[in-house]
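Below, each chain spelled out in residue letters.
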Amino acid sequence: MSLVSIKDLKVSFKTRRGNVQAVRGISLEVAKGEVLGIVGESGSGKSVTSYALMRLLDKGGSISGGDLSYGGIDLKAASENEMKDLRGREISMIFQNPRAALNPIRKVGHQIEDVLCRHAKATRSNVRSEAIKALEAVKINDAEQRYDAYPFELSGGMCQRVVIAIALACDPKLLIADEPTTGLDITTQKAVMDLITELISERDMSALVITHDLGLAAQYCDRIVVMKDGEVVEEGQSDQVFTAPKHQYTLKLVDATPRIGVSVRELLLPDQRTPFPELKKVDLPLLEVRDLTKTFQGKSGPVHAVKGVSFTVKKGQSVGLVGESGCGKSTTSSILARLLDPTSGEVLFNGEDLSKTPARKFSRDPRRASIQMVFQDATDSFNPRHTARQIIGEPLARLTQMARKQRRSRVEELAVLVGLPVKLLDRFPHQLSGGQKARVGIARAIAVEPEFLILDEPTAALDVSIQAVVLNLLVDLRARLGLSFLFVSHDLHVVRLLCDEVIVMKEGKIVEAGAAEQVMTSPTHAYTRTLLSAAPHPPILTVPTSSAAE
Amino acid sequence: MTGRLATVGLRITHSIPVILGVVVVSFLLTRALPGDPAVYFAGPAADAASIAQIRTALGLDKPLPEQFLIYATDVLRGDFGQSISTGQPVSEDLANRLPASLELTLTALLLSCAIAIPIGVLAATRPGSAVDHLCRILVTAGVSLPTFFTGVVLIYVFYYLLGIAPSPLGRLDFIYIEPDHVTGFYLIDAAIAGDWETWLAALKQLVLPAVTLALFTLAPLARMTRAAMLSALSSDYIRTARASGLTDNKVLFTYAFRNALLPVITTLGMVFSFTLGANVLVEKVFAWPGIGSYAVEALVVSDYAAVQGFVLAMALLFVALNLIIDLTYSMIDPRIGFEAK
Chain A
0 MSLVSIKDLK
10 VSFKTRRGNV
20 QAVRGISLEV
30 AKGEVLGIVG
40 ESGSGKSVTS
50 YALMRLLDKG
60 GSISGGDLSY
70 GGIDLKAASE
80 NEMKDLRGRE
90 ISMIFQNPRA
100 ALNPIRKVGH
110 QIEDVLCRHA
120 KATRSNVRSE
130 AIKALEAVKI
140 NDAEQRYDAY
150 PFELSGGMCQ
160 RVVIAIALAC
170 DPKLLIADEP
180 TTGLDITTQK
190 AVMDLITELI
200 SERDMSALVI
210 THDLGLAAQY
220 CDRIVVMKDG
230 EVVEEGQSDQ
240 VFTAPKHQYT
250 LKLVDATPRI
260 GVSVRELLLP
270 DQRTPFPELK
280 KVDLPLLEVR
290 DLTKTFQGKS
300 GPVHAVKGVS
310 FTVKKGQSVG
320 LVGESGCGKS
330 TTSSILARLL
340 DPTSGEVLFN
350 GEDLSKTPAR
360 KFSRDPRRAS
370 IQMVFQDATD
380 SFNPRHTARQ
390 IIGEPLARLT
400 QMARKQRRSR
410 VEELAVLVGL
420 PVKLLDRFPH
430 QLSGGQKARV
440 GIARAIAVEP
450 EFLILDEPTA
460 ALDVSIQAVV
470 LNLLVDLRAR
480 LGLSFLFVSH
490 DLHVVRLLCD
500 EVIVMKEGKI
510 VEAGAAEQVM
520 TSPTHAYTRT
530 LLSAAPHPPI
540 LTVPTSSAAE
Chain B
0 MTGRLATVGL
10 RITHSIPVIL
20 GVVVVSFLLT
30 RALPGDPAVY
40 FAGPAADAAS
50 IAQIRTALGL
60 DKPLPEQFLI
70 YATDVLRGDF
80 GQSISTGQPV
90 SEDLANRLPA
100 SLELTLTALL
110 LSCAIAIPIG
120 VLAATRPGSA
130 VDHLCRILVT
140 AGVSLPTFFT
150 GVVLIYVFYY
160 LLGIAPSPLG
170 RLDFIYIEPD
180 HVTGFYLIDA
190 AIAGDWETWL
200 AALKQLVLPA
210 VTLALFTLAP
220 LARMTRAAML
230 SALSSDYIRT
240 ARASGLTDNK
250 VLFTYAFRNA
260 LLPVITTLGM
270 VFSFTLGANV
280 LVEKVFAWPG
290 IGSYAVEALV
300 VSDYAAVQGF
310 VLAMALLFVA
320 LNLIIDLTYS
330 MIDPRIGFEA
340 K
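Protein sequence lines, in the order shown, are assigned to chains A and B. Counting from 0, one number per residue, gives the positions in the first sequence under numbering that gives the first Met the number 0. Counting from 0, one number per residue, gives the positions in the second sequence under numbering that gives the first Met the number 0.
Don't read these hints as lab results, they were simulated from the structure. As the structure is a prediction and not an experimental result, all values here were calculated from the model. Glycine is no exception: its CB is placed at the ideal position from the N, C-alpha and C atoms. Among the hints, a few may not be true.
Unchecked claim - Now the stretches of chain A that chain B is said to cover, found in silico as 3 or more residues with beta-carbon under 8 Å: (1) 90-96; (2) 102-111; (3) 114-124; (4) 160-168.
Put together the whole structure using the sequences plus the hints.
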């Protein structure tokens, strides 16, 4: 008998433009002790389904049809008070962005105690020790001391462990994990997912893992449900869904997931695969970094963010900079983008030392145009009150002498180049989709014809199918405009697809560097091996994609 | 704890330049004002000789730097000079009038917090409901009706028409004797003395002006509470709390309200400092012997010592107020380290 059964569930949201159906009649079952993955891209209704199960839909959302039951209890008919007793005690939830999911001004120990007391799992006398036990259960070192910590004092991975501790404190039977590792480092992601699966099997719990990452779902779930536009399009055993997808959409998702042994073109659907452009590589150094260091003055003494980093980017080359948060990759890229001054070291660009010009004055330097950046979060890096046209035109107005008319035609030219429909140019960022915003960000960066482009996780916030398109766009642009890339990322699969060389950084130092293929297949440093093994390995398609598509 | 005390001390030393600046600027500004106190006090029938005599007596014939030096050394000794309009030492005037203003302002703020914060919280939990509309009406009315107008209306209704309120003439009806001066707050002093009849009389006098002022300060507080609660309630940690099955009260007060308090306290501090200086209109309407009306009267007659004393007292008060707000902040929010930079 299944623990959770959802039959023909429909959820609709009241919006200003009338009712929107977010979930259109889905049915699924979670057996006792089973881990079910719900995979889909944004807007597929996968999160809404889980919130409907918890009866925690946002304002305006309502269950408009179907049945929900948990262990024989009709969740649709249950009163709000009955639901409150179930939440946390029978069904728990963990979320993405763990730091925001915790009350910022309450000690984590007290937050666990709140749940324990609510469900009468502890008395006043033993609540503290029970809370510490809950922290120990999620393998937090020094649980006694962490009891008194505030969320801002903990790392992202630690916060997620606390969120898990809160969720599991009252021994629920079902855990819903809503994108539990989005935004976490790759090794932290592995640690958190391993911990979740271990705890679930230890306690004989069931779980619902909601994710956009097919590789992750394939690795950790028993069964997978693929959702699209509020409907289930495919359901089956994880490896089966991956190796022999039946539905066209699943196939598209599987294809778009970066993995070993495919080229960037193979992420696209077969009919969209254009011939691979020819890359012009010149054996001349464009950027030489020599013994770069950066030390920040922290509260408790100096912080050495970058400790003597040297590397070269040749003309037309694409170099990947890989590492976990805090390894100094963002500091390094900020110095190269000349937004930050190094403490010591040289940054030679076409033979000239850029670090001689202070970052403060570099915005007026004629060389500003030749080094540009594409930022991770397209939404946050745009002025929300500027249209796409103004955003792309901004560097043209500041760094070139172009007349207004000329700028206008150049912006349209750029839009065509990055594949943004010209009629969308007069929209504001919030009126554009994630993929369109990424295109605007790229168009802005290449507007002033830079030689060197720094890409800081440009696809991290995108759905896999959009990511596939944007990555291909970057490859095309690189070939067409003869650009050099510094690609900063923590996603090793993406770096492998896009880069000729890879630099692996750890604690401010380069631990390994070399040709991408070589570093990825036969890493010499232990840390690189850790990173590679932490990345989810999607099973490889057994059925050739082209035949499956027919 | 010792660290906290040390930082409090450091913060106070940091405010010394501010206070020095206030001393210099208030001195220069009063001198720059048009009007000659000597002429004013000599009266309309005075001749040049008597004006000159008064000027010498006031020390106004000396060059400015020398006047400043005398003033500064006096201030250092705690002597704020003599008010020429009341004839009393300024420090004595301030000691009498500052508690009157503080008593009025604090009562008004307590009252407005007691109304604004619950209304703001209720409005945020039920957006679009009757409470929300009531909140909007109160906020709009509060800011759009000038205090002197609400004051006069309240007097008209409660004193003239209904006859419930006592005559709006100061802090205490003349048939009562002022309680012994301990804090200068009549309510507290009367309570200390155990004179409950006087206490009640002082309270009756206080109600109307306090309500007038409260209606005015209600608006920003209710607005800010509502906005802060709305944003707190839509945050991720509230979702976590709800997903853990916590009760509505726990979610609302322990989780949302404490987080929403921070901006409310900032607003409260701003409103307090604003009201203390700006309640002169209320003081005038209710013949309240407060510091605001004192300062305005002194300014009109170019009573240098009184104006400077007022400005300096206000500056000291604001420094103290900011310190208290920062301390409250660091108590509520652990992310704000109370550390010296």
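Exercise. Quick check: which numbered hints come out false for this structure?
Worked result: none
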